[in-house]
Amino acid sequence: MVEVTLWGSLGAAAGGKKTLDIEAKDIRELFAKLAEQHPGLKPHIERGIAVSIDGVIYRDTWSKALPQDAEIFLLPRLAGG
Amino acid sequence: MGFDPGYSARKFTSVGTRPIRPDGVDKVTGRARYGADFNMPGQLVGQVLRSPHAHAKIGKIDTSKAEALKGVKAVITAADLPDLTNGDSAMYDILDNCMARKKALYDGHAVAAVAAIDARTARQALKLIEVDYEVLAHVTDVDEAAKPTAPVLNDTVFTEGTDPRPDKPSNVAKRSQYGHGDVEKGLGQADFVVERSYKTEQTHQGYIEPHACVASVNSDGTADLWVCTQGHFVYRQHCAQLLGLDVSKLRVTSSEIGGGFGGKTHIWAEPVALALSRKAGRPVKLVMSREEVFRASGPTSATSIDVRIGARKDGTITGATATLRYSCGPYYGMWAELGAMTAFACYNLQNVETVGYEVLVNRPKTAAYRAPSAPMAAFAVESAIDELAHKVGMDPVEFRILNAAREGTRSSYGPVYGPIGIGPTLEAAKNHPHMKAPLGKNQGRGMACGFWFNFGGQTCTDLNIDSDGTVSLAVGTVDVGGSRASLSLVAAEELGIPYEQVKAVVADTSTLGYNDMTDGSRGTFSSSMATISAARNAIEVLRERAAEMWDIPVDDVVWEKGHAVAKGAKHGNLPSLSLKEIAAAAANTGGPIAGHSELVADGAGVSFATHICDIEVDPETGSTRVVRYTVVQDAGKAVHPTYVEGQYQGGAAQGIGWALNEEYIYGEDGRLQNPGFLDYRIPVCSDLPMIDTQILEIPNPNHPYGVRGVGETSIVPPLAAIANAVSNAVGARMTHVPMSPPRILAALEAEKAD
Amino acid sequence: MSGRAVSTTINGDDVEFLCQPEETLLEVLRDRLGLTGTKEGCGTGDCGACSVILDDRLVCSCLVLGMEAQDRRIETIEGMADGDTLHPLQQKFLEHAALQCGVCTPGFLIAAKDLLDRNPDPTEEEIRFGLAGNLCRCTGYDKIVRAVQDAASAMKGA
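Residue numbers (the numbering used here), protein chains in the order written: chain A, 1 to 81; chain B, 82 to 835; chain C, 836 to 993.
Hints are computed from structural coordinates only; laboratory data are not their basis. Hints may be right or wrong, so weigh each one.
[Stated by the list, open to error] Not the full set, but computed from the structure, chain A residues with beta-carbon under 7 Å of chain B: (1) Trp7; (2) Gly8; (3) Ser9; (4) Ala12; (5) Ala14; (6) Ile45; (7) Ser52; (8) Gly55; (9) Tyr58; (10) Arg59; (11) Thr61; (12) Glu71; (13) Phe73; (14) Leu78.
Note that beta-carbon positions come from the ideal geometry of N, C-alpha and C, so glycine has one too.
The following block holds chain A by itself, in its conformation from the complex:
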């Protein structure tokens, strides 16, 4: 079980909920469950999401493990220049 915080515009897409408890061992499972429970998040997941695990921001690599008790934030995919 991991506690996931949806931040910024992602929170609005999940019906305003910010913190969710999800049973997931890696990012792929997390996204699958999120899309199931909150269909509003599907287009965002498809476009790409940045995953912050204990303060370090990662890409949405499916096999990335989610350590139990890690702080997990989902942020919109960032643009650079």
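Starting from the structure of chain A, add chains B and C where the hints point.
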């Protein structure tokens, strides 16, 4: 075999040195080929017809006279680019921006294009295209566009992120919110509060090379595209999708690139060139003029930002909030959201809230510009922080040190920080000799901090060992500023061979796997990680070959300083085998020797910078002179220190131009008044002093050498550092960027009047 | 036929070409003669990327008509090195990393050569004002100025 990207301390032989770059001689002799330096046999000249109206419905387009002109081989409109985006709204926006489908949404929006045998014929053909425009009311100012009475650009846009959803369409496309704690309560606890509004005008990346490409589409569905780009794999993906081509059948070759800074991460004219080529059955060369670059590529947002921030008399910030309105052009992006995320990222705050509004305006589609959205937010926040420090009676550096984010701080954009470098950059700035230098008459000193995310991403690298023991390194990140030198140093380091034996090239899309673009400060970070991985894979093969040559188990072979060395009591007396010797025998030991890597580089880590500058203001004319400028930034590990310095200096120079002089000026008619380098004036050599740099090296735990991204952060502090310097010189708070002479004179007049 | 024949000298070689009255020297160099080392950054004489020497005078080739080359001597970046020996300016630009993307570099080298030919011992200020007609967006000019200073010393010493 798993690759461990974790940092391990080591003594470097090649990394950290300053050799001459491998592509250097070509560039100083004029041989290097940029986007417009390539030609194909039988090629036509492509040119684009652009809307002279800021906002207009497009009715009938009559191309018959243009098509009949002798020498014209193809004329296209949106009808020649059918919608293949399959419901992907972001791709649809790209398609519409490349060629307007229903409405012209800005002065310069492409509405048609021609391919002809020469430039003169193409120009004549453009004049013969008749477009029925129904001119509509337009809006170009970010605050005006946000008003409910503004002309609406897109009546299917209802503000996202508000609850309840509005029932009327507007130009406010999105609202996003970040922060934690209770801001009103926090501000209530403050002894001093600063409340101000700030504005920044739209600027352009200003790359000296205009967009240019040569497109060649064949009747069998294969196609070639030569183009200056920061991401040829992304261009391939997008162009293939919009043109209905198989991705693997479109070969995109990245030319040398004459500057990008984010502006060449998006396609503009490339689908148009491909569509022209497809229709004409011949290659088409399409080069944008400088005027077209300003009018119709991707400048930054213009912004309007309100800040409220308060502190106790001991200097602790108790609450901070900002409302940020960012213009995005006619299609929405995440520009306001990035501003909302980065605004207070440097600070340790219990109560913070930022709200960003993405606002549509009749201006070209906003594109990324080096740490996009962060410089404007930093301008507003760092100006307010300076003013607050002054009210509290604290030195501005000390005030920031007291409130700086550190390991364990909850960032204003959500996650808790791990180890970060803002403290060290502030301490280094505090102790820098620049801080103690005396100031002359009419001079003011200012400093500011900046933050940026830095990215990783999909990266592929091929490392091939040639028969003479030299190494060919093929990478997929476009080299914007010298990364081929840095990556060669990394390969040399891992293999234990001299830098001169490595030759790095940027491969095209058919000869290497997918690479994300060179943006987000990821070029050296990501490709160095993949290069290290590829080199380590090659070393595995080299060990096996040496084992075979010696006829001993591979476990008894180690790799040291460019040689295979046999270890252990049994084989320890065997003379070592050099890379060259092993390569010479490759044909007999199993064939060509190579190492490959396909990975997602991750954990680039955030970076911080602190800038100090001294500005002199002429009280009679309002003109400014940059007297002294210092950049302090953490690079993790500077692979090639000269090129890291170059990134720091270049970002600072762009920030200086943005702070003091650069802006898009629109007329009442909604047309861009200054689409040229004369009136959109970027800094010239005589405007700037030498720019001092201090590279801090606090290793990034997520990279084997500790490398961090460096390319972007340096543009984030200058707007505020200069605003603080000018405000100190002038004795009045500057709130509108650029601080051009008329604005400074107005501030001086207002001061005198008080 | 509206084109006209022009005879000129480019980097010491006799060259003949045909051009239209409205074509600029920059267009002729790049599109007719294949000398793409000279770059177009703006087409309006504001950026200096198209700098060439015309009869010992530094000009923006986008502001010169192709036909004005008749009977004159032009020097472009392609002629700056002496065989396989780089000009000291070219060498110092490499050593000081006075280029990042490199697109402005040919223009700067031509302008810097013209500057040092006329003023072999310039101050930093003279270098900065002498090169103010060439735009660079990548470097902030710091390493460019240092390269020119170092080249000036090397050329004086030689």
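Satisfaction of the Phe73/A interface hint, Cβ to chain B closer than 7 Å: 4 Å, holds
Quick one, is the Ala12/A hint okay against chain B at 7 Å, beta carbons? It holds, given that the least Cβ distance between Ala12/A and chain B is near 4 Å, below 7 Å.
Using 7 Å as the Cβ threshold, decide whether Gly55/A counts as touching chain B. Check passed: Cβ of Gly55/A comes within 4 Å of chain B, closer than 7 Å.
Hint validation: Ile45/A versus chain B, beta carbon distance must be below 7 Å. Holds or violated? With a minimum Cβ separation of about 14 Å from chain B (threshold 7 Å), the hint on Ile45/A is violated.
Closer than 7 Å between Cβ atoms is the bar; does Arg59/A clear it against chain B? Give me holds or violated. For Arg59/A, the interface hint holds, since the closest Cβ of chain B sits about 5 Å away, which is under 7 Å.
Holds or violated: Tyr58/A as interface residue toward chain B, Cβ cutoff 7 Å? Holds, about 5 Å.
Per-residue hint verdict: Thr61/A, partner chain B, C-beta under 7 Å: Since the shortest Cβ distance to chain B is 5 Å, the answer is holds.
Does the interface hint hold: is Glu71/A within less than 7 Å of chain B, judged Cβ to Cβ? For Glu71/A, the interface hint holds, since the closest Cβ of chain B sits about 6 Å away, which is under 7 Å.
Tell me if Gly8/A is really an interface residue toward chain B, meaning its C-beta lies closer than 7 Å to one of theirs. Holds - the Cβ of Gly8/A comes within 7 Å of chain B, reaching about 5 Å at its closest.
Mind checking the CB of Ser9/A against every CB in chain B and telling me if the closest is under 7 Å? Holds, about 4 Å.
Holds or violated: the hint that Trp7/A contacts chain B, with Cβ atoms closer than 7 Å. 4 Å, holds
Can Ser52/A be said to touch chain B, with a Cβ gap under 7 Å? 4 Å, holds
In this structure, the earlier hints numbered 5 and 6 are contradicted, and the remaining ones agree with it.
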